[in-house]
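A.B. asks: Sequence:
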Amino acid sequence: MTRVLNAGRKAPLSGDTRSAVVFLHGYGANGADLLGMADPLAEHLPDTLFVAPDAPEACAGAPMGFQWFPIPWIDGSSEEEAERGLLAAAEDLNAFLDALMVDEDLLPEQVVLLGFSQGTMMSLHVAPRREDPVAGVVGFSGRLMRPELLDDEVVSRMPILLAHGDQDDVVPIQSLPQAAEALQEAGFKDVYAHVMKGTAHGIDPDGLGVALAFMRDVLSL
Numbered sequence: 655m656t657r658v659l660n661a662g663r664k665a666p667l668s669g670d671t672r673s674a675v676v677f678l679h680g681y682g683a684n685g686a687d688l689l690g691m692a693d694p695l696a697e698h699l700p701d702t703l704f705v706a707p708d709a710p711e712a713c714a715g716a717p718m719g720f721q722w723f724p725i726p727w728i729d730g731s732s733e734e735e736a737e738r739g740l741l742a743a744a745e746d747l748n749a750f751l752d753a754l755m756v757d758e759d760l761l762p763e764q765v766v767l768l769g770f771s772q773g774t775m776m777s778l779h780v781a782p783r784r785e786d787p788v789a790g791v792v793g794f795s796g797r798l799m800r801p802e803l804l805d806d807e808v809v810s811r812m813p814i815l816l817a818h819g820d821q822d823d824v825v826p827i828q829s830l831p832q833a834a835e836a837l838q839e840a841g842f843k844d845v846y847a848h849v850m851k852g853t854a855h856g857i858d859p860d861g862l863g864v865a866l867a868f869m870r871d872v873l874s875l
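Per our numbering, the sequence shown starts with residue 655, numbered consecutively.
Some hints could be false.
[Stated by the list, open to error] Quick list of simulated restraints, FRET-style, between CB atoms: (1) Ser668 <-> Pro859: 35 to 45 Å; (2) Thr656 <-> Pro859: 17 to 27 Å; (3) Met655 <-> Gly841: 30 to 40 Å; (4) Pro726 <-> Asp670: 36 to 46 Å; (5) Leu761 <-> Arg783: 17 to 27 Å; (6) Ala686 <-> Val808: 25 to 35 Å; (7) Asp757 <-> Leu667: 12 to 22 Å; (8) Gly715 <-> Glu785: 26 to 36 Å; (9) Asp806 <-> Asp757: 26 to 36 Å; (10) Asn748 <-> Asp806: 10 to 20 Å; (11) Gly730 <-> Pro859: 29 to 39 Å.
[Stated by the list, open to error] Listed below are the simulated DMTMM-like cross-link pairs for lysine to aspartate or glutamate, each with C-alpha atoms no more than 25 Å apart in a straight line: (12) Lys843 <-> Glu763; (13) Lys851 <-> Glu807; (14) Lys664 <-> Asp708; (15) Lys664 <-> Glu763; (16) Lys851 <-> Glu835; (17) Lys851 <-> Asp708; (18) Lys851 <-> Asp820; (19) Lys664 <-> Asp759; (20) Lys664 <-> Asp806; (21) Lys851 <-> Asp687; (22) Lys843 <-> Glu802; (23) Lys664 <-> Asp701; (24) Lys843 <-> Glu758; (25) Lys851 <-> Glu802; (26) Lys851 <-> Asp822; (27) Lys843 <-> Asp823; (28) Lys843 <-> Asp806; (29) Lys664 <-> Glu758; (30) Lys664 <-> Asp757; (31) Lys664 <-> Glu711; (32) Lys851 <-> Asp806; (33) Lys664 <-> Asp752; (34) Lys843 <-> Asp786; (35) Lys664 <-> Asp822; (36) Lys664 <-> Asp858; (37) Lys851 <-> Asp871; (38) Lys664 <-> Asp687.
Hints in this document: simulated from the structure, not taken from any laboratory.
Just so you know, even glycine gets a beta-carbon here, dropped at the ideal spot from N, CA and C.
Using the sequences plus the hints, can you model the full thing?
C.D. replies: Written out as structure tokens, the structure is:
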């Protein structure tokens with residue numbers, strides 16, 4: 655049984671929803687942590703609804719925040735618990751996306767997933783396994799979970815932008831080329847990479863600008 659994800663949202667500036675960006679936050683944060691990015695993006699994406707769900711579980715490592723799944727080296731959970739958590743959260747996120755598209759009368763190709771850190775891990779796990787490809791995935795400062803399974807489990811392929819700070823001391827920047835290589839080996843043709851110079855574990859204005867250009871392109875705006 656899936657868990658319902660509570661989500662904040664920012665309505666399109668135009669009042670007309672023709673696309674949606676779904677923000678997926680990192681470990682120990684919440685949806686509001688990324689929803690603030692909707693403000694600088696909205697003027698360039700006036701027909702876009704921005705939605706930011708909270709992950710389904712309270713975070714053991716950050717009691718005021720949420721987690722998509724446990725992280726063993728932070729909270730002492732087992733690898734098996736982390737794997738079960740990832741799969742359960744994937745079901746929750748898929749149900750959330752399905753409901754969003756029905757409620758807003760959107761097609762998958764009108765939806766972009768934008769993740770940060772653990773939210774990127776969720777995006778890169780869920781999107782390729784959905785029956786119909788979303789418009790694209792933007793993954794900041796994350797990694798591809800279980801890359802060895804992707805080639806066998808991929809169902810749909812979409813453009814993907816991976817962005818990472820070269821000073822990231824939480825998720826090493828080596829995760830970017832590792833993810834890109836696995837995606838390309840699994841048949842993804844449009845995989846783009848952007849290195850945020852001098853940036854630690856975060857999103858800088860330059861990276862957000864590259865993400866905006868990517869989203870406008872994949873949404874055909």
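A.B. asks: Against the structure, test the hints numbered earlier, and report the numbers of the ones violated in rising order.
C.D. replies: 1, 2, 13, 17, 20, 24, 25, 27, 32 and 35
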